[in-house]
Every structure is written in structure tokens, then in C-alpha cells.
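Knowing the structure of chain Z, use the given hints to seat chain R on it.
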Amino acid sequence: MLSSVAALEHAAAVAWAAIGERLEGEARGYARTIEARERRHAERISALIRELGGEPPEGRPPEEYASQFPLMRDEEEALRFAADLEEHLVRAHLDALQTLPEEEQRRAVAEIAAEEAEDLAVVHAVSGEPVAEFPFVTGTQ
Amino acid sequence: MSRQAAPAEAGLGPGRAAPAEAALGTRRQALAAAALAAGAALPLARPAAAAAQTSDVDHLERLLALEQRLQSLYEAALQRDAIEPGLGETLLEHESEHVRGLEMALRARGRRSPRATVPPPQVGTAFAGRPAFARFAADAETEAVRSYEEVLPILRSTRLLLPLGSIMASGAQHVVALRQEAGEDLLAPG
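The listed protein sequences derive, respectively, from chains Z and R. For the first sequence, this note's numbering assigns the number 1 to the initial residue and increments by one for each residue that follows. For the second sequence, this note's numbering assigns the number 1 to the initial residue and increments by one for each residue that follows.
No wet-lab data here; the hints were simulated from the structure. Cβ atoms here follow ideal geometry from the backbone N, Cα and C, with glycine treated the same way. Don't take every hint at face value.
The following label-pair restraints were derived from C-beta to C-beta distances [what the hints assert, rightly or not]:
1) R/R80 with Z/P130: 22 to 32 Å
2) Z/T140 with R/R80: 32 to 42 Å
3) R/A132 with Z/S127: 48 to 58 Å
4) R/P85 with Z/G53: 50 to 60 Å
5) R/D185 with Z/S4: 24 to 34 Å
In isolation and in its complexed conformation, chain Z is listed as follows (with noise of 0.2 Å):
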């Protein structure tokens, strides 16, 4: 499970410098933070995975996510991809949570749950939309 996330966030990363490239101004700013933060959590869960001695999956060169991606011409299509991205990514880390059974790597999931929820507020907020709309946040598989 945690090598899952872990390729998840690798990939998300990534996902997030491409979606920047279709975004400008404060959006831009946004999605080179988030993009730093994905890059933390990727980095945290790999920790997680090497104290319970295993080996966590590498990054991939950005090419070979990129045709995973969808097409987005606009900043309209690069921030319904974010939507999307995070969805997946809160509902992830949720199910990530169910999973776990040490305190700690249960603390690491659900902090980075918060802050991919944090992050999809954010992406709502940029597209004009609620940033708060429900009051059970679940997000999507």
C-alpha cells in the first residue's frame, strides 16, 4: 500500500509541473508549491518504506508520465486535472489510513491526506468554484 502511494505522489509531482505550465500568475505560484509539497510526500512515504525495510519505488523520467496525462490545451482543462489528481490523491491516503497498522506511518498518511485536501481547497479556489463544499471530504477512486 505504501509503495502505491508512494508511486502515486512520484507521479503527482510531476503531474503538477505540467499542470503549472498551463497556469499563470498567482496559479502558477500554486502549482510550483504544491508541486514541492508533492515531492515531500513522496519523499516521506519512501522513508516510511525503508524503515520497515523495504525499497520504495523511484520516480520516473517526466516522459513517461506525461502520456498518462490528459490533454489539457487551457488553464480550464489543466485545473480539471488537478481537481481530478487530488481527488484521487485524498481518497488515497484515506484509504492508505484503514491500512496502516504502526502509529507513525499512520501520523505521515494523515497529515499529507490534510494537506492534498488543503491542496484541492486551493485548486477550487483558482477555478471561481466553493473551496469548501462538502462537509465529509472523501475524495475519489
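Here is chain R on its own, set in the frame of chain Z:
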């Protein structure tokens, strides 16, 4: 009054025909609320786990007190025009849903929910204006999110993890909404 369904009946009430996006939100609420109820009901089916559940009850009571404090804050802010009404109503509705969900979980464990009776500190300055209140409320929401981050790793009932995690995620989004209201950077440096 509330645009959101109660935890016990989310998505089940009559006449809830809604656009696709609203329906999706209702389904999400229903799933999270149902999970909270399921997690809450489990201890009754397993009385042998009573000792372990005592710890979870303590955590739930702590979280409930924080949610009740936030609920009181938004009620007062709306009365004093210290928050944009649309945002204030939304956040108040969310807090009411969180409170109801946590109360359900506690009732299922045979506990009456405690009521928050002590007003939060610095309330006077907090209501001085909309930006000031937004900053105050963002700090209170951040404190609540941190509390969920502390509780989630040590909960005994794994069935509570998803619904409580979904409340934590909602709180994290409240922080962003309040930073926007205060005219601040949406993401804290870190």
C-alpha cells in the same frame, strides 16, 4: 434550513432530486456518515472490547468539543456579521454535520455528548471585523485539524478512520476558505 443531510439520513430523505454534482456530494456524505455510524455501532456488537473503546471515546469527546467550539464560533460570527454570510452558513452547516456525526458515534458507545460551555479565548478581538475573524477561525480550524492528525494514528477502531479522516479533510479545506476570506496566501509556508 440546512442544505446538507443529517448523518443518519444523508441521501435517504424524500424529494432529494438533485443535479449530478449535488447528488455526488450527497452520496459522499452518505458514505462517510454511514461509515461513521458503522464504526460507532461496532463496539456494541463487541462488548469484550470495552476497555479499548474507552480510549476511543475519550478521543471522540475531545474532537466533539473542538467541533462544537467551531460551530459556536460561526454562529456568533454570523450574528455579528463577522463573516461573509454565504461562507459562514456553509461552514456552520459543515460543523453541524461534524457534530452530529461525532455525537452519533458517542451515543452508540453509550455516552452522552458533552457540551462546550467555555467561550473560546480572545473572542472580543476575533469579531472585530471579517478579516480578523477569518484569521481567528483559520487558527481554530488548524488546531482542530492537528487534533485529528494526533487522534487518527492512535484510534483503536479502524472503522472510524475513514469518516474521521473525511472530517479532518473538510477542516483542512475550511482553513483554505478562511485564508481566502482573510486575503492571505491560500497555502501556509512549509
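Comparing the hints with the structure gives:
no., hint, result
1, R/R80 with Z/P130: 22 to 32 Å, "23 Å, holds"
2, Z/T140 with R/R80: 32 to 42 Å, "37 Å, holds"
3, R/A132 with Z/S127: 48 to 58 Å, "27 Å, violated"
4, R/P85 with Z/G53: 50 to 60 Å, "54 Å, holds"
5, R/D185 with Z/S4: 24 to 34 Å, "32 Å, holds"
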